[in-house]
Each structure stands twice: as structure tokens, then as C-alpha cells.
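4 protein chains.
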Amino acid sequence: MIRFECDYLEGAPVQVLEAIAKANLEQHPGYGFDPHSDHAKDLIRQACRSPQAGVYFLVGGTQANLIVLAAGLKPYQGVIAPQTSHIFNHETGAIEATGHKILSVETKDGKLTAQQVKEVCRSYWNETHKLFFVQPGMVYVSQTTEVGTMYSKAELAAIYDVCKEYHMKLFVDGARLGYALEAPGSDMTLADLPQLCSVFTIGGTKQGALFGEAVVVMDDELSREFPYHIKQRGGLMAKGWLLGVQYEALFTDDLYLKLAKHAADLAVKVHDGLKSAGFDFYFDHMTNQQLPVLTQAQFEALSREYSFDLFAALPDGRIAARICTSWATKQEDVEKLLSDLKKLK
Amino acid sequence: MIRFECDYLEGAPVQVLEAIAKANLEQHPGYGFDPHSDHAKDLIRQACRSPQAGVYFLVGGTQANLIVLAAGLKPYQGVIAPQTSHIFNHETGAIEATGHKILSVETKDGKLTAQQVKEVCRSYWNETHKLFFVQPGMVYVSQTTEVGTMYSKAELAAIYDVCKEYHMKLFVDGARLGYALEAPGSDMTLADLPQLCSVFTIGGTKQGALFGEAVVVMDDELSREFPYHIKQRGGLMAKGWLLGVQYEALFTDDLYLKLAKHAADLAVKVHDGLKSAGFDFYFDHMTNQQLPVLTQAQFEALSREYSFDLFAALPDGRIAARICTSWATKQEDVEKLLSDLKKLK
Amino acid sequence: MIRFECDYLEGAPVQVLEAIAKANLEQHPGYGFDPHSDHAKDLIRQACRSPQAGVYFLVGGTQANLIVLAAGLKPYQGVIAPQTSHIFNHETGAIEATGHKILSVETKDGKLTAQQVKEVCRSYWNETHKLFFVQPGMVYVSQTTEVGTMYSKAELAAIYDVCKEYHMKLFVDGARLGYALEAPGSDMTLADLPQLCSVFTIGGTKQGALFGEAVVVMDDELSREFPYHIKQRGGLMAKGWLLGVQYEALFTDDLYLKLAKHAADLAVKVHDGLKSAGFDFYFDHMTNQQLPVLTQAQFEALSREYSFDLFAALPDGRIAARICTSWATKQEDVEKLLSDLKKLK
Amino acid sequence: MIRFECDYLEGAPVQVLEAIAKANLEQHPGYGFDPHSDHAKDLIRQACRSPQAGVYFLVGGTQANLIVLAAGLKPYQGVIAPQTSHIFNHETGAIEATGHKILSVETKDGKLTAQQVKEVCRSYWNETHKLFFVQPGMVYVSQTTEVGTMYSKAELAAIYDVCKEYHMKLFVDGARLGYALEAPGSDMTLADLPQLCSVFTIGGTKQGALFGEAVVVMDDELSREFPYHIKQRGGLMAKGWLLGVQYEALFTDDLYLKLAKHAADLAVKVHDGLKSAGFDFYFDHMTNQQLPVLTQAQFEALSREYSFDLFAALPDGRIAARICTSWATKQEDVEKLLSDLKKLK
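Residue numbers (the working numbering), protein chains in the order written: chain A, 26 to 370; chain B, 26 to 370; chain C, 26 to 370; chain D, 26 to 370.
Hints may be right or wrong, so weigh each one.
Identical copies go unnamed one by one, so any copy, or any two together, can satisfy a pair.
Pairs of lysine-lysine residues, derived as DSSO-like cross-links and limited to a Cα-Cα distance of at most 27 Å, are as follows [as the list claims (entries may be wrong)]:
1. Lys283 with Lys368
2. Lys286 with Lys143
3. Lys283 with Lys47
4. Lys47 with Lys361
5. Lys189 with Lys47
6. Lys189 with Lys99
7. Lys178 with Lys355
8. Lys47 with Lys368
9. Lys286 with Lys367
10. Lys133 with Lys367
11. Lys178 with Lys294
12. Lys367 with Lys155
13. Lys99 with Lys155
14. Lys155 with Lys143
15. Lys47 with Lys143
16. Lys189 with Lys300
17. Lys370 with Lys355
Think of the hints as simulated: they come from the structure by calculation, not from any bench.
Note that the structure is a prediction, hence the values are computed from the model and not measured.
Taking the hints into account, I'd like the entire structure generated from these sequences.
This is the structure:
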């Protein structure tokens, strides 16, 4: 069985494992108050060209999302997010469990537009009796999105402008940020992010860490209060240095982006192979979550040797499968897959 | 600087690191639905002689506490716990943030008695207008306690009897369970725990894992619903196999208890050394958190070479320091410390 | 200014005011533990032919909704509700503030269908990894709906069947229940409700009480626990007898239904008058919230003498206005309004 | 049976009932956006000599407490309150249900001292790892307290000074504010309150309204956001004018204080009668909740003709009974009670 169902199948590259092994028997102060964590934070600030940013390490993505939103919203506020977003669909109501409504917006391609955000805000702020409605307090987008599409710099900037106009924070969930930055057509670097939002994450779990999400906070008040929220939500790791050493490794010699590039290149290979073999796409893009449309028969045939995610069951009976590449994906596995896919057509 | 401030200074023993490294490039299904996790759960069930128990892995202790309590309590119920307990004092209101009151009870030595629990329940159930009061729905104890004392089998059994009488669940927080089981005077084994409570944890973070708490659930309904609560609170690890392989290693060849024994033996050494040197104890016991009382001058003198936790500032100006041993504590460090302590008297 | 914007403009009919005045200087035990409340509950049980029902009085509708849902849902469950429902749109996130997601469903006419409910449930229960999704635990409908449509007995029964199949409770928000029961075409009586759902409200605020919603609970466990939830959410009235005496009055000599009939008859008059004058309807039905479509000019012209609710701004620039009748609406005001409306055409 | 168990046995004085009756068939805009509510707010601002204050009307006390605290605290903050306080003991965990811990302080006489508040704050702010602790964000006191004692101006001012020093809000729960203001020894007027705290309530339920608590908010940000919190917690009354007209009546011709004086004078009578008859007091003070200590036999004898609250069961087997006076208490009932009490000695 060759697995393509997600981008967190394997552990971590050798540099990360070695960093953990090397620090393993050092005696570290707890909770991330250790020199490795400090150094990792500095490396991230440098990579983002943002010496004032607050940087915090968390273990997982849902945890990061719920903490950022619970910290950034007032009790009567909600977060605007795409209907396809992870927080709206795949977190067992984690955001609502912190007391906040998700103001979901239907999108064409998993991406919010500045115009849509503006409409939600206008509609709220034009209400006579605003007090019956949930006030939009933040906007949540992910880069890449749940369906693999991605925002351009201009698109994010336009959303952020609307956010500033309506006194909202913008949160960019970067669980797959590296895979976006290295995808063909990307016009963004890590150093752009601090200008484009109030808070973003640099995902580790899917991009070369055993686990870990770095939260980069540009908003001063949010940053100052963030540690309290982390602890209260059970997100403070006793051995915080484990997150520190991993991000130290990932942000040394550009490892983070190199790993991302590997996945991005293989994603293009998968995409082009699928296209030339004549497959349709559920959403057609070049990032690391490829969503080809297969017949039931094709899906079953392939499932004997490969595992995919059943991303969506289409009304016509076909299946949108998710095929992910990651830093750990093997070139030969991709080639074998493409050759087997071709035979099905 | 030799550190004694807590029992989670170092990473993990070689067996645990090797287990991670070995599984690192395997392709694992996500979220703990992998063979390593299944195997680890079986090993734990065997060690606990409890084939029907639900076993779940979480990353950290506060996370475990808040999920167990949020899962086990109805909205109008609270948890009875010692005033010195971790949940009452050191979790930034994590339990209250899930909506539940902690019904705190002052104790002599960090331990609830069955009698105290009974009094809280009687007082509630005898109330005419119960609906104004928080109903006790669970009891929380930790083994060892926050101050290092421990429950005997009979003491826990008595508390559990009261719990059953008043339809409450009993939760034993075992962040340091192994250190209790291997302490001198312990009359309990892992196999006793399932008979003594509704749910307990087998702590990894402080006892040989890089991170991880195993939650063992004896209550059927709680067990069935537990995974939903885990995900909702951000506690579901994407690469759940990381927890699985660690607990596999810890529960192979009795590693977990061997590591605990190492810490327990050194704790006795520290205790006896302190005693013979004439130090008082804040709480006098033989487990891995020793709490000698030092003068300011002694504390400062030692702090040049050692780090301790300032556990409590006493009214007479002296300091109760916390000196922890763990699976990773070096015999020679303990000897040096005791010799330096003696010189201070 | 003649007001038609809602059905809670005036206080209460003379019978209700007199009942309060009469009991005013009696000495009542607090919190609804008084003979008037007991009697009112019995009258309601009789009217519903349901001697075992739990009956509880609350002050307002949002309060009733949030308490019923917080009491009836487990933390990881959500409630299925129409996208147009009051709880989804007009309660400032009150339901989410108790930790629960509203699983909203787009409807044709403000009414959920059994088929739609079934689809949500199927989709959830067919999921492989259910634990990422919010489990449907209750269904919320209102009778009449927010747009004035109403469920037939068969429609509610079909939804309730689906609820039972999927172990969900059905909650019927009856803020306007009487107005539904007395509307033309209604095939339901109060005595049918207990067979059609797990819990329902008999609205007072809009139907003849100064304030008050009676919650009738058929589910035994929900009923037993309900008082605790009421108190915890701040819904327990100190002078609960105020609710008791009002419902005593409303359920004596069929006052409740007589008041409803008055509103229902005038609603028909408004509807027929609008229709014969050639107005379109946003939703065309015969209940007490009439939603004619007006041009901007018509809306403004009428607003000089009347107040309406601006129910919706249509894409073509026209306005759906809400014209409500109630127990207090005057026949002559309706006639004047219809005559003025006719002149605008 | 003559009832003395609480101060909310009866409805309202004739002026309040008449005000409701008079406005009953007016057509009022909903939710307190009506002229009566506006006028009542102005009257309160005048009485408080505080033209800028935000004034909001709520139905009940627990509701007021939970809304004020949920609105005024950040998620990681808690409220300092006496262990005897209503919020800590008698609200079914309503505050914790909004996610906040109550930092309870043991008191001598139900009153927090500035010194005690300071110690809690110092202890928190001196902590090295503050992030493990609940940050004190507000202080809650009630005037009179749950045990009937009351704060002097200087005492409140001292607490408020500490609050300002540590960036906390001070909330004075005035469910019995009038009874405090009119008690012998009071050195405070309504006009002093705005200088002494961030937010306070002027209780109606126990002091002449059928129901209602006026929340007076001096903190600008809290005031601006307050309406959203009210609606979200189910506290917004549809017929808000009902609260408006009651407070209009109460704040016309000093009715509020006159009613309070009646209760206060009778309380003194009860107190002096008890004293001269030789009864001990659980807490000895002159306000409207008198707490004499009775033997079981005395308590039972009296309970044949009177109802009291069993306030506390004393270790020596005696009972602290609560005897309340209110605006509605009859002089002859007090005289009969005192005469019967005397006979028991």
C-alpha cells in the first residue's frame, strides 16, 4: 500500500530527528522558556523580516485555530470563514465550543473574496438593531485553502484592507503555508505575510516537523495575551523545547522551504500527469492536494494498491479523490501512481 | 547548573527515541488509527488487567484534565478537588473555561478523604433548593498529589465507594502514577487502578515519554464519547502514532515501571539525606517531589549551582523548595547535591 | 403612528393584568414554588392532555431557546435548524455561546423537511471519521416559522420520526404557537404537540402575557435536569408566581386560544386585503406575520402613519415589509391600513 | 402563615402596578427602545448625578451578575469575591458557565477588605509564571452583603483604589442597595456610587418592582458593549418598557428610597426586639436581613405560624434564621413576631 491520502503520513526529516536526539538529554526549563525556543523564534522573526512579531509554538492545527480565535474575538463576535474551511467543517465544533459563531460564506473555489467579506460587514453594520446579530470580529482564511487553491498577494491584501476598515483581525491558517509559497504561480514570500494579516501560522505538522504549528502574531494586544489563552486551552507543552528544536532545524539553511519545494514539484508532476491522462479535477490547481475526479471503478481499482482520501462524492456518482504530496513523498511512488492512473483511462 | 526543579527536564530514554526513529518513515494512518497505537493500547490494557478499558492518548496533562472533566460532567455539575490540586491552582482556569466549577476542599496533606467527599455530597443532597448549587458530579484526585503525598488502596477505595453512592465518577490524575507505584510504602499496582476509579491517566511526560498522557476509561459511556471531546478540544494529534510508539516502548519489558523505580530510589536517597542533615520538610514523604524547608540564605547559596522550584514561601521567611527526581536523574548529581546541602547546616 | 411591526407592542389583556393585581400582595414562596405556578402547570398539562409532562416557565424566547438547547445537547452535538430560524439569525450567537454549533439548512419556505433532516443525519452517520464533525443531537423548528409558514401535523410527525431514528430530540419553538393553531388550514391542537416532539414552548410574550414562555418537556431526563439549567443560565425568576398567574389566566376559559383567534382572523383580513389590492408576498401564507412586497415609495408613504418591520430588502429594490397582527390589534386599524394600502396601487 | 423568609414575597406597590396598567395598551417599540425606558434611564442618571452613565435594565439578579462579569472579564481572567457571596454559592455555577473562575476569599463578616484584594493581586502579579494562574480582572461585592453587613464609603473607596492600581473593574451588586442606603449608619447616597465603582446595580426585584435590576455602567467600553452581551445571554426583554415604567415609578418622588426606608425602619425594630429579648445574632447588624440564632425548639415553634429562611445550621445544633423586612412588610406582623419571639425566651 502506497499512501497518498494526506500530507502527514511520515514523521520528520533526519535534520529534525537529529535535533531532538541531540537536545534530548540536556536539562531544559519547561514550557518553552528555553534557549532553543528563543532561538527558533528569532529565526522565524528573521525569515519573516519582522523583529517585533510575537511567536508561539503549539502542537496542532485545531488547537492553534481555536486558541487564536478564542483569543482574538470578543464574546459577541464571530469569525467570517469559507463554508469549505477546516474550522467550519472538520473540527467537531471546536470554535463554537469556545462560544463563537462561524459566519460561513459560500465560495466558488474555497477562497473568500474581499468583496464577500465587505458584504458581510456592510450587512451587519447597516443593521438598525445590530445587537441581535453576531458581530464580525475576525476573518479566517487558509493558505493553501482546504481545496488546494491559493490566495495571491493582492487578494490577501484586499481582504486585509476590508478587515482594517471594519476593525477586524485577519487570521491566515498556514498549516500548508510552505506548500503555497513554493507552488507555481505563488507571488508571496514569508516576509510578505506580516504585512498581509494580523496573525498567521507556519505549519510544521504537514511540512517537516513531527508536530507543531508556529503562531506568528502581529497584533500587539493579541500577542501580549496569547500565552494565557494557550495555557487555559491545554496547549502549553511541558517540554516546549521539543517545538523549539524542530523549528530551529526547519529554519536553518532554508530547510522549511526546501522541503516544501520537494512537495510542490511533485504536486506539479501529479497534476500534469493527471491532466495529460485526461482526468477532470474537482478544483484544478497546482498545489499539493490534487483532487482528480475518478469513476467508482477507477477509485476501487486504485485503492487496491494506493490509499487516497475520498474528498467528495459527486452527484453523478463519481468521486473526487485527494492525492497529497509532501516533503516525504517519493518520486518513484508518484511515477508508479501516474503510470497506473494512465492505464485506467 | 544542575536542575532539580521538575521531573520533565529531559527528553526520553533511548528506547523511546529509537521507537520514534524506527517508525519515522513508515506511512501511518492519521489520528491514532494506526497499528502502533492499537498495540500500545493493548499493552496498557494487559498491564492494567482490564481488557475492556478504553485507552486514549493525549499530549499533555492540562489537556487531559480538561477533556476528562468536560466529558464527564453535565453542564450544571462541578468536580470536587483538593484546594492544592493542579486543576484548582495551575491551569489558568482551564476547567472553568469549559463551564464547570471546581468544588475545592481544604486538606491536611493534599489528599481528599472519603469523609470530606461525603460531607460535600451530603450537604448538597440535603439542600432543599438544590437547584441553586453546583451538583458534585466527579471527584478529582492525583496520585501522587501536588505535594507528593500518596493515597493507599484503601483510601482510594473508600473515596470511590462514596462516588458510587452519590452517582459521581472518580478521576485519578496519574501524571506521576509510576512514581507513586514504585514509592516505598505503595500498596497498589497498575492492575488495581481499574477497580479504584472511573478513569485514570498513566502519565508519560514526566515518566519517560517525550510527551503523552494515556487516559484509561473504565466508564463505558464516557469511553464511547471520549474521542469527540478530544477532537473538539484540540487534543487529537495528527500523527497519533507518535504517542502509540512511545507507549509501546514504555510498556515493553516493564520499561515504564523500571524508569519509575529509578526516580523513586533516588527520591528516597534525597529524602534520607535531607533528614539526616537535619532539614524540615514542608510535607514529609518518600515520593519524587521532595519539599525541604530552607532558609533564604541556604536557598540562595544552593541556587548558584542548582535550580529548584520555589514551592512555597513560609510565614517565617523560610522557603519550601521542590527537589524532583525523575527517570533521568543522575545518581552523582544527587550525591553532589546532598553533600552540598549538608555543608549548609 | 399605528404600529404593526411586531406582535409584542402592547402589554396584556385585562384578565392577565387583573390576575397579577389580585395576587400582588399575597405572600408567595419564591422561584415558582407557589400554588399559582403549580395550578398553571396543571392547566397546561390538561390542555395538552399530557399529565406527565414537565412544565417550566421562563421570561423570554431567546432564554428559552438557549436553555432548552444547552440542556438537551451533549458538548459535541449541534442542532439542525433552518437558515432562516431565529436561533441562527437573531440571537447574537446565544446558542454558540453555550458551546453548540447550529447545523443550518437552507429551506424553500422557512420549513425543514423530514427529508432534509434525514440527509444531514445520513451524511453524518455515514462518515468514516465522524469524530471530526458535529453530531446532530437535536432539531429545532418553530411553529409558525420566522417567515410565517407553518408545519402540518404530518410534516412534524415525519420530522419527529427521523429524530427518533437518529436518537435526536425535536424542539418546537412555539413563540407563536397559538397563532399557528388558530390559523386557517391548521390541523393541529395543543393536545397533539406532546405526540409530535420532545419539547415545545407555548409562547406568552406574543400571545397575551406581559412576558413568559412555558416550556413543556416530554423527555423525562431533560425534564428532570431542566431546573438546574434554568438557574445556571439566569432564567429563574425570583417571583415565579408572576409567570404562574399569567398562565393561569391564559389557560382559564380558553383565553389563550381566543386571543390567538382574534389575531388569526385579522391576519386573514390583512392577507386577503393585500391580495385583492394586488400586492405580491415575500412568503404567501395566512398566519399573523404578513409579508407583502412594497416599492420603496409605497414603503415610505405608509411609514408616515404606520410602522412596519423591514423584513427583507429584495434584489430588485423592493421591500418585504412585515405586518403583524396580535391579540391586541384593533379591527379599525386593520381596516384603515387596508384602505390606505389600496390607494397606493 | 406570615412570611419573613425573603424580601421578594409580594409583588409591587400600587404606583408600580398603576404605571404598568397605564402603559399597558400603548404601542411600544420593543427591547427597551421606548420613551418610558429612556425616561427611566434619565431619572436614574439624575439620581446618581451621573449624566454620562450607561443604564441598562435586566429582569433578574443572577442574570445581571453573569452578564456583567462575562462582559467585563477577558477569557483568562476571574473575579475576586467573598466566599459567602451570591455568585460563589447560590447561582448553580452561572459565572463558571460563562468560563470564568471565582477567586473566592474567606471573610470575617461577608465583606472583602481592600487589604485582602491587594493580597490576591500581589500574589498573582508577583508570580514568575503568571500564565498558570487566573488573572484577577474584576472584584465583586454586594451592598448589603449576603449576610446583611454593609460597606462604608471609605471601605468601598479603598477597594476601588486597589482595583484601579491593578487594572481591575469593581462591580457592586446592589440587589439590596436601597436597603443599605437607608440603614442606620449608612454614609452613602446613590450619587456616591458612580465614584466608588465601575459598575453597579440598583435592585428592583427586592425593593418595589415586580422584577428588574438596573445596571449602571461607569466604564465606557463596558457600557458600549453591554447590549450585545445582554442579548446573547437571553437577557433582553421583548417588552422592555415593562422595566422602563417600573423604574420610572420608582424614581419618581423618591419612591425607591421611601420604600427602602420602610424596610430599614422595620429591620431596626426587628433587630432591637431580638436583642432586647436576648437573642444572639449570626451576624449582628441593622439591615433588612436579620440573622438571629434560635434553638431547634424555638425554630420549630415559630415555624408553625411564620416562615423563615434557615440561613445556617450551627455546629452547636442551633439555627441561624433569616428574617427579612421589605417595602411590603407590615408593622403589625413585625410586632406580632417580636411578641411571639419574646415568649420563647
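Structure versus earlier hints, numbers of those that do not hold, lowest first: 1, 2, 5, 7, 8, 10, 12, 15 and 16
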